[in-house]
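**Student:** Using the hints, put the two chains back together into the complex; each one sits in its own frame.
Residue numbers (my numbering), protein chains in the order written: chain A, 1 to 130; chain B, 1001 to 1415.
Certain hints may be false.
Capping the alpha-carbon separation at 25 Å, the derived lysine-lysine pairs in DSS-like fashion look like this [unchecked claim]:
1. Lys1160(B) x Lys1195(B)
2. Lys1195(B) x Lys1089(B)
3. Lys1339(B) x Lys17(A)
4. Lys17(A) x Lys1408(B)
5. Lys1119(B) x Lys1170(B)
6. Lys48(A) x Lys125(A)
Hint data in this document are derived by calculation from the structure and do not stem from the laboratory.
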Amino acid sequence: MPAASDLYQEQILDHYKHPKNKGPLPGATFSARDTNPLCGDEVAFHLKVDRSQRVSDVRFEGRGCAISQASASMLTTMLKGLPLSEAEALGDDALVKKLGISLSAVRLNCALLPLHVMRLAVREKKAAST
Amino acid sequence: MAKPAKMLLNVPAIKADFPILQRKVRDRRLVYLDSAATSQKPKQVIDATTDFYSRYNANVHRAIYELGEEATREYEGAREKVAAFIGAKSPNEIVFTKSTTESLNLVAYGYGLKGKLQKGDEILGTVMEHHSNHVPWHFVKDHKGAVLKYVDVNDDGTLKMEQYDELLTKRTKIVTVALCSNVLGTINPVKEIAKRAHEVGAVCVVDAAQAAPHMPIDVQDLDADFLAFSGHKMLGPTGIGILHGKPEALEATEPLLGGGEMIREVHLGRASWNDVPYRFEGGTPNIAGAIGLGAAVDYLTNLGMESVRAHEMEITQYALDKIGRINGVTTYGPKDVKKKAGVLAFTIDNAHPHDVASILDVEGICIRSGHHCAQPLMERYDLPATARASFYVYNDLEDVDVLAAGIKKVQEVFA
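Just chain B, with the same shape it has in the complex (with noise of 0.2 Å):
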């Protein structure tokens, strides 16, 4: 198959922002096909929080010095950042956390189980929800007695729709869907979704862990209620994660955690909170690594989220091809890259996931193997495991090529 002359992206310059790529594993290039687990940093998010550590390093918000002003600069412009990255209207809509998870969980806790979510309320996921949009809305189900709903999976990885619509009803109160699937890469038409759950009066919570990283994001179009996602997915440093809520969801939501930052006033057996976005980052934050999730979001927009989209379909496309086509190898999700972010799940005839991975190790290639925290997915298509290939900015088609070359090297030993 010959190959496009030119990617859309420069990924040599790419690749040499990059320190960590520029190391061999085992005497070996390093391909690095695992970014929906985490991304790789440039050097300029690396040097943004080195900046921070080594010239200005205070605690925000409230030191009347020099530092401190510096540093509260910084991280709240980082907020400003990550609110014109996804075309929020305020800064104030966006809530830093640790993670998508707890994210999600702030979510689940603050607007499901402490909020007005009624013994009975319907809560409609989907079976393809990381673990991480799962248990959350466990815990809601445990104590608070709402009912939880899933929307099942096609086999070719998309959505039941008309499941959906089936499913929807005046009881249901969140709608809770990925925008894109860790690993069928799917991704899901939220804006229809939430469309819908409005219909019924419900809110929709989005996670958009692997789908803010690779693809344009625009709130104001996708119109969800609340919508997560993770610094570390996305070229920052992990222990960052986001909240995006609407103004008056985030008003109807309850802080997880109390302490410093969160309060107005506290006297002895009581307190009012301060106001949103600050309500729910009680503790010192993870000042470093906002302000390096900021210089990732600079990255991104540097490239352009259109051109990463387009990067990364091409090279989806012809890992579709390339490795797809591979006789005993079965790969998994949309098979149409417009409905397919850039991971690749897939397995091999009589070489379990772990195997394969084992044996790509070696020739210097990090894929992922194992449920990918989707174990109700997994028993849906009835699989024990999958391995995953997932790409990013800094890949090329060659990656592609040695990826390949490793499922031949895998299918000898297991021939």
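Okay, chain A solo, but in the shape it has when bound (with noise of 0.2 Å):
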């Protein structure tokens, strides 16, 4: 029989009640914010990246879910110092292993809305300087 502690697990509650690398990022490389239309879960993630193309900084802004904002907080934690090729190659599977829980599709949304809005900041980026 799953528990409730199966999805809620001591760290995915840690990283929900603690958020790492929460807040504004001024001189944010990129940035951009989307929102889960089902559940209304937010998430806005900046992007810092040096001169040798690393990111050197992230940050991430929201409110939803335990999952959700969980999700955002680990996801800074795998980006800091990855060269940005890395970091937008970075695939679903990485985060939910991080995550080390099993979810349902509904709640995987809320667990890849981070790295969906990571994606989109670079690549939104990209597109507008091209």
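**Tutor:** Listed below in structure tokens is the structure:
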């Protein structure tokens, strides 16, 4: 029988209650914001990239369920220091694996929203500069 | 708190009529508290649709053979049952659609967009409407230049009736309002709203999706011009909706769907239309859906809508007392069950409604979370989302107890 603790594991709740890298990021290279229209989860992602094209700083802002907000917090920890090309190429599986929980299709949307917004930020900027 | 010894409805007997309530979810008894989204179906309804497909499936209205006549008789019989259920003068006032949404779109399109409305005419709605009673009117604004105005709600979830009086003018041609809010449970004074609308020459359109399943409706008494509701929220199948219209209102409405059934004569390039209500039922209708709806109406009529309403008032009162008094829980909408249907929106401190729904799901409890297709109302209360429990004939006080225990679990996780 599944228990509430299967979904709301210690590390998820910890990231939700004490998010890492949350807040605005002045001078960000990339920024985007999006919502999950089904549930109103909202996430903004800001990335700063240094001259060697590495993610030197990353922040998120948002409000929503524990899954979406913990996922955003965990994603920031995964991105810091990564070459931009690797950040862009980060797959859904990598984030889901990091979350370490099995998610229903609906809750998967919550979990993947931050990754979607991060990709959106990079893509929009690139589209604008070409 | 002591429970009343006996409920008004025989809930154990009712539960036994619903096959789905016999199943387990995650090894637990299914506690279904999402009837405002869709109701469960009794075996009488399931059997009626199966019976149609297995014994007399045929297209309606023009078949010359016995099967077709039986199908037509049952389909039209369902129309008569629905007419009687809401006190319509004639079955011809009942249009079958696929949903409340289609019914409201038919009015917005056929009466508003294609009908008599002129540029600058005003449509007066409320901030508590479901999206299906917002968006169709946006179309009328965008394509006809109609002006949309909205009556606000008080903090207690009731409509600002004094503001209604201010906004209602000779320019108002359509007033549209939910009889019952799908979030707050507020029962709006539609009889009074329709009366005042008529005084300025406007028609009154009522979204009764959350009301028709739960309380007696008498369209003569309400005196609205159009009234829309859905089969699937009142024990019937999905894909069958109802639009009731006064004869003169339906006559002034253009059809939304052109095709078979809705015509009198078709020539190349032109056609004349069938009579009301068939004019609005282009294409093969949802025959099984209508027949299932007829069985649902029979089921509810057997229980008695006065008893259904009294039963839900009792559960809602119990839920307000039990859930509303938990520390850290906020409930929305009227606290007086005389003004409230069996819909309880709530939030829990520090827990997002989606997480609430996920944790309750583990306990076998089905509730809804999100904006409930009422984003303007959510904005009005500055809420990103709420959880919502809703009650029906197969719920009892024990279901509320299970919910209350589930809420305690949520609070433990997010303590």
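**Student:** Taking the hints in turn, state whether each one holds.
**Tutor:** Comparing the hints with the structure gives:
no.: 1; hint: Lys1160(B) x Lys1195(B); result: holds (16 Å)
no.: 2; hint: Lys1195(B) x Lys1089(B); result: holds (19 Å)
no.: 3; hint: Lys1339(B) x Lys17(A); result: violated (38 Å)
no.: 4; hint: Lys17(A) x Lys1408(B); result: holds (19 Å)
no.: 5; hint: Lys1119(B) x Lys1170(B); result: holds (14 Å)
no.: 6; hint: Lys48(A) x Lys125(A); result: holds (12 Å)
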